[in-house]
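Listed here are the chains, written in short residue letters.
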Amino acid sequence: MAEKIVIDARGSFCPGPLMELIAKLKSAQVGDELEVLSSDKGSATDIPEWIAKAGHQIVESREERGIWHITVRKMK
Amino acid sequence: MKILIVGGGMGGTILGNNLARRLAQEIKASKVQLTMLSASDKHFYQPGLLYLAVGAMMPDELYRDQASLLEPGIDFHVDPVEEFLLDDNQVKTQSGTTYDYDILVIATGSRPYMEEIPGLAENAEMFYTEEGALKMLARLREFEGGRVVITVGVPHKCPMAPLEITFMLHDFFKERDILDKVELYYTYPIGRIHSLENVAKWATPEFDQLGIKYETFFNMKEIDGDNKILRSEEGSELEYDLLVTIPAHKGMEVVENQGLGQNGWIPIDRLRLNMEGRDNVFAIGDTTNLPISKAGSTAHFEAEALGENIASMVKIGQSVRDYDGKVFCFIEAGKNRATYASFDYLNPPDPKPPTRTVHWFKVAYNQLYWASARGLL
Ligand SMILES: Cc1cc2nc3c(=O)[nH]c(=O)nc-3n(C[C@H](O)[C@H](O)[C@H](O)COP(=O)(O)OP(=O)(O)OC[C@H]3O[C@@H](n4cnc5c(N)ncnc54)[C@H](O)[C@@H]3O)c2cc1C
Chain A
200 MAEKIVIDAR GSFCPGPLME LIAKLKSAQV GDELEVLSSD KGSATDIPEW
250 IAKAGHQIVE SREERGIWHI TVRKMK
Chain B
64 MKILIVGGGM GGTILGNNLA RRLAQEIKAS KVQLTMLSAS DKHFYQPGLL
114 YLAVGAMMPD ELYRDQASLL EPGIDFHVDP VEEFLLDDNQ VKTQSGTTYD
164 YDILVIATGS RPYMEEIPGL AENAEMFYTE EGALKMLARL REFEGGRVVI
214 TVGVPHKCPM APLEITFMLH DFFKERDILD KVELYYTYPI GRIHSLENVA
264 KWATPEFDQL GIKYETFFNM KEIDGDNKIL RSEEGSELEY DLLVTIPAHK
314 GMEVVENQGL GQNGWIPIDR LRLNMEGRDN VFAIGDTTNL PISKAGSTAH
364 FEAEALGENI ASMVKIGQSV RDYDGKVFCF IEAGKNRATY ASFDYLNPPD
414 PKPPTRTVHW FKVAYNQLYW ASARGLL
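Chains A and B supply the protein sequences, listed in that same order. Start counting the first sequence at 200; every next residue gets the next number (the working numbering). Start counting the second sequence at 64; every next residue gets the next number (the working numbering).
Treat the hints with care, since some could be wrong.
[Stated by the list, open to error] Pair by pair, the computed Cβ-Cβ distance ranges are:
1. A/S238 / B/D128: 39 to 45 angstroms
2. B/R210 / A/K275: 48 to 54 angstroms
3. B/P135 / A/K275: 55 to 61 angstroms
4. B/A201 / A/A251: 25 to 31 angstroms
5. A/K275 / B/A130: 46 to 52 angstroms
6. A/V229 / B/H140: 42 to 48 angstroms
7. A/A251 / B/D243: 36 to 42 angstroms
8. B/K155 / A/V229: 43 to 49 angstroms
9. B/D342 / A/S238: 24 to 30 angstroms
10. A/H268 / B/L431: 30 to 36 angstroms
[What the hints assert, rightly or not] Keeping only pairs whose Cα atoms sit at most 25 angstroms apart, straight-line, the calculated DSS-like set for lysine-lysine is:
11. A/K225 / B/K284
12. B/K378 / A/K252
13. B/K105 / B/K94
14. B/K291 / A/K252
15. A/K203 / A/K252
16. B/K65 / B/K378
17. A/K275 / B/K264
18. A/K273 / B/K284
19. B/K425 / B/K389
20. A/K252 / B/K284
21. B/K198 / B/K398
22. B/K389 / A/K240
23. A/K240 / B/K398
24. A/K240 / B/K415
25. B/K264 / A/K252
[As the list claims (entries may be wrong)] Covered stretches of chain A (chain B as the covering partner; in silico rule of three or more C-beta atoms under 8 angstroms from a C-beta of chain B):
26. 205–214
27. 222–231
28. 238–249
Since the hints were made in silico from the structure, they are not lab data. Every value quoted in this text rests on a predicted model; they were computed, and no experiment measured them. By construction, the Cβ of each residue, glycine as well, lies at the ideal position given by its N, Cα and C atoms.
Same shape as in the complex, but just chain A (with noise of 0.2 angstroms):
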C-alpha cells in the first residue's frame, strides 16, 4: 500500500472537502489511504454518508482543534 494521500481541504467552502476527496479518489489506487483535512463539521456526516454510498471505508474519524481529520480507504 501506498502512503496516506493527505488531502488539506480546511477553509474550502466551493468545492468543499468531500468534492475535494471525490476527485483525488478517481486517481488514487484500491486499497490506498487518503486523509481528508477539514475545519467544516459537516465533513463528519457527509462524508461518511457518501462513503457508504459508494462502497469504500471510514478508517478513521477524529476532530483535533477544530479540524477534522477522516482517513477513508479506496475499495473498488
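Got chain A sorted already, so can you dock chain B with the ligand onto it with the hints?
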C-alpha cells in the same frame, strides 16, 4: 530581473498588466524584463460559453486580440511552453527557444476531461468549448421534449455552472413553449444540490418551485448510449433523452507530463502561491491544487495578491501580503435574475435572493470583462 508568465488567460493577463504598472519604472530602466508566453494570440472569455450554448451571445463576443489587452511593458510571444526546466530556471517552447527566468508564474488554466467516463464524449452535450457550446445549441433548438439530465464531474471549473445551466435551460424551453414536454433532471456529486451550503439552501426551493427534479450523491460512472442510460458510482441508473454534462477537468497536458503536479494540478502554498519546494515558481488560476473554486475571479484575486508581492520582492526584497482565498461568483438564477456568492478561506458566502439588477450587472460584466483584464476595473 527576469519575470516570466506562462499563460495569457484571465490570471496571466491580469497579473501581467498589474506588474507592468507596478514595475513601470524598473521596466523602463531595463532593470526588469517582463515576458508572457501563451498558446494563442487570442484572449478567450470563457464565461460567455454559457450564454453561447443558449444562443444569448455570439462567438465573436468571446475573443479579443491578446496583444491589445496588454500594457506596453510586456514582451508577449505566442509560443507555448513544452518543457519546464525548473532546476535550471528555464522553459523551452514550441519554437525551440529557451527562456531564462528569475521568477516564473504558471497560469495555463484547465481543460475538460471527457475521456474519464466511458461513453460521455460520444453521448453528452457540453458547453466548455466553443465547438461544444455551438453543438449543444443546435441540439437544444431541435429538441422536441423528453428528459434532460444534467450531470456533473469533479473537479470542474466554474462551480456555479451546473445550477446556472439548469435555470437557463428551464428558461430556454419555456421560451420555446415546450416546457410542458420537458423534464429537467439535475444530478450532483455530493449530498445537496450545490457545494456551498447556503447556495444549496437558496437553490433547492427554487428548483422545487420550477418543477426541476434532482438527485444528489450522483457521480457519473458510465453512459450506455445505445439505451440512453447514465449510471452512477453510487448504483443509480437514469434514462435520458438529452444528456448535458459539466465534465471533470484536468490541468494542461504539459503540466501533467512534465511532472509538475498530478492530473496537471500544481501543488502550491495557499497563502504565498509558490509551488511546493520552490521559492521562485508560482502558480495561479485553474492550474493550482488549491481546494477552492476554479473560477476567473479566483485567478483575478490571486493575480492581484501575487502582483503586489512580486513587485514588492523586486522593490524591497520581500512579499507584503497573503492571498486570503477570496472568490466571487455571479449566479444566474433564470427569469432574468441573478445573485452572487463571495467568500474566502475563513468566511462562507451568504447569497441574497436573486434580483434583476444583479442579472443585468452580470450581462454588463460580460462586456466590462475586457476592462478588467486590462486592469482598469
Ligand atoms: C462555461 C464556463 C463558464 C464560466 N463562468 C465563469 C464565471 O461566471 N465566473 C468566473 O469567475 N469564472 C467562470 N469560468 C471560469 C474561468 O473562465 C476560468 O476559471 C479562468 O479562465 C481561469 O483562468 P486561468 O488564467 O487559470 O486560465 P485560462 O483563462 O484558461 O488561460 C490559460 C492560458 O494559458 C495558455 N496556455 C495553455 N497552455 C499553454 C502552454 N503550454 N504555454 C503557454 N501558454 C499556455 C492558454 O492559451 C490561455 O491563454 C467559466 C468557465 C467556463 C468554461
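Do the hints match the structure? See the list:
1. A/S238 / B/D128: 39 to 45 angstroms: The hint (39 to 45 angstroms, Cβ to Cβ) holds, given that A/S238 and B/D128 are roughly 43 angstroms apart.
2. B/R210 / A/K275: 48 to 54 angstroms: Between B/R210 and A/K275, where Cβ atoms are some 28 angstroms apart, the hint is violated.
3. B/P135 / A/K275: 55 to 61 angstroms: About 56 angstroms separates the Cβ atoms of B/P135 and A/K275, which means 55 to 61 angstroms holds.
4. B/A201 / A/A251: 25 to 31 angstroms: violated (41 angstroms)
5. A/K275 / B/A130: 46 to 52 angstroms: For A/K275 and B/A130 the Cβ distance comes to about 50 angstroms; the hint holds.
6. A/V229 / B/H140: 42 to 48 angstroms: Check passed, 45 angstroms falls within 42 to 48 angstroms.
7. A/A251 / B/D243: 36 to 42 angstroms: 38 angstroms Cβ-Cβ, so the 36 to 42 angstroms window holds.
8. B/K155 / A/V229: 43 to 49 angstroms: Violated - the Cβ-Cβ distance for B/K155 and A/V229, about 38 angstroms, lies outside 43 to 49 angstroms.
9. B/D342 / A/S238: 24 to 30 angstroms: holds (27 angstroms)
10. A/H268 / B/L431: 30 to 36 angstroms: violated (43 angstroms)
11. A/K225 / B/K284: holds (11 angstroms)
12. B/K378 / A/K252: violated (54 angstroms)
13. B/K105 / B/K94: Distance ~29 angstroms between B/K105 and B/K94 Cα, so the pair is violated.
14. B/K291 / A/K252: With Cα atoms ~24 angstroms apart, B/K291 and A/K252 stay inside 25 angstroms; holds.
15. A/K203 / A/K252: holds (22 angstroms)
16. B/K65 / B/K378: It holds: about 14 angstroms lies between the C-alpha atoms, which stays within 25 angstroms.
17. A/K275 / B/K264: violated (32 angstroms)
18. A/K273 / B/K284: holds (16 angstroms)
19. B/K425 / B/K389: holds (19 angstroms)
20. A/K252 / B/K284: holds (14 angstroms)
21. B/K198 / B/K398: holds (24 angstroms)
22. B/K389 / A/K240: Between B/K389 and A/K240 the Cα gap is close to 21 angstroms, so the pair holds against 25 angstroms.
23. A/K240 / B/K398: violated (35 angstroms)
24. A/K240 / B/K415: holds (24 angstroms)
25. B/K264 / A/K252: holds (23 angstroms)
26. 205–214: holds (count 9)
27. 222–231: n = 3 at 8 angstroms, threshold three: holds.
28. 238–249: holds (count 4)
This entry does not satisfy hints 2, 4, 8, 10, 12, 13, 17 and 23, going by the numbered hints stated previously.
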